[in-house]
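Participant: The chain contents come next:
Protein chains: 2
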Amino acid sequence: MSGIVRTPEPPYYAVIFSSQRTEGDHGYQVMASKMVELASKQKGFLGVEGVRDGELGITVSYWDSLESIKEWKEHVAHQVAQDKGKAEWYSAFSLRVCKVERQRFFEMVK
Amino acid sequence: MSGIVRTPEPPYYAVIFSSQRTEGDHGYQVMASKMVELASKQKGFLGVEGVRDGELGITVSYWDSLESIKEWKEHVAHQVAQDKGKAEWYSAFSLRVCKVERQRFFEMVK
Numbered sequence: 001m002s003g004i005v006r007t008p009e010p011p012y013y014a015v016i017f018s019s020q021r022t023e024g025d026h027g028y029q030v031m032a033s034k035m036v037e038l039a040s041k042q043k044g045f046l047g048v049e050g051v052r053d054g055e056l057g058i059t060v061s062y063w064d065s066l067e068s069i070k071e072w073k074e075h076v077a078h079q080v081a082q083d084k085g086k087a088e089w090y091s092a093f094s095l096r097v098c099k100v101e102r103q104r105f106f107e108m109v110k
Numbered sequence: 001m002s003g004i005v006r007t008p009e010p011p012y013y014a015v016i017f018s019s020q021r022t023e024g025d026h027g028y029q030v031m032a033s034k035m036v037e038l039a040s041k042q043k044g045f046l047g048v049e050g051v052r053d054g055e056l057g058i059t060v061s062y063w064d065s066l067e068s069i070k071e072w073k074e075h076v077a078h079q080v081a082q083d084k085g086k087a088e089w090y091s092a093f094s095l096r097v098c099k100v101e102r103q104r105f106f107e108m109v110k
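These protein sequence lines map, in sequence, to chains C and E.
Heads up: the first sequence begins at 1 in UniProt numbering, then just goes up one per residue.
Heads up: the second sequence begins at 1 in UniProt numbering, then just goes up one per residue.
Rather than coming from a laboratory, the hints here were simulated on the basis of the structure.
A couple of the hints might just be wrong.
Any copy will do: because identical chains look the same in the list, a pair fits if it lies in one copy or spans two.
What the hints assert, rightly or not - As a list, the in silico DSSO-like pairs of lysine-lysine whose alpha-carbon atoms are at most 30 Å apart: (1) K86 <-> K99; (2) K70 <-> K99; (3) K43 <-> K73.
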């Protein structure tokens, strides 16, 4: 979950998850790593970019189709995490499903 | 640029900007705040969510249409910032223009 993902040519899908954490860890870090690991093995997963700065975090995951997003949403272990998220980890979040239409990459010439 | 944006009902557009900073400030912080301030005054601007954790940052801005995104891209002061970005502030970035199709909000009951 480090750095910029080299996604394929659009169109593909992005899930933008913005969240505000509650105080304390409550098993969050371990579960977060586990979820990234599990998601990476899902069919249609294209990558994930994530940043957390204290309270606010943004995680963007990329997928080949809405069907793949639906399958990940319904994954049993992910559902357990979603429930824990609402009960303990997040004071607020937004989740947006988007179709990526255009992209551009830049790298500084060394 | 704090917290989760209460965007209107989809469809609308999101620009996902993921970036890796170079070392040092080089006037970045001042310009970043100025750009958020300017963008907020643009026609069709719906809000912005941003997080930076050392090297990696993700900024998602929300817009009512592709036309508004284009106008912001071509804003003179923003173009100066874009040039500085490529010349000094970013070692790498990705920029993705997306159509938001679905959204969901959650808030913990106090």
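Participant: Could you work out which earlier hints the structure fails to respect and list their numbers in ascending sequence?
Facilitator: Violated hints: none at all, because every hint is consistent with the structure.
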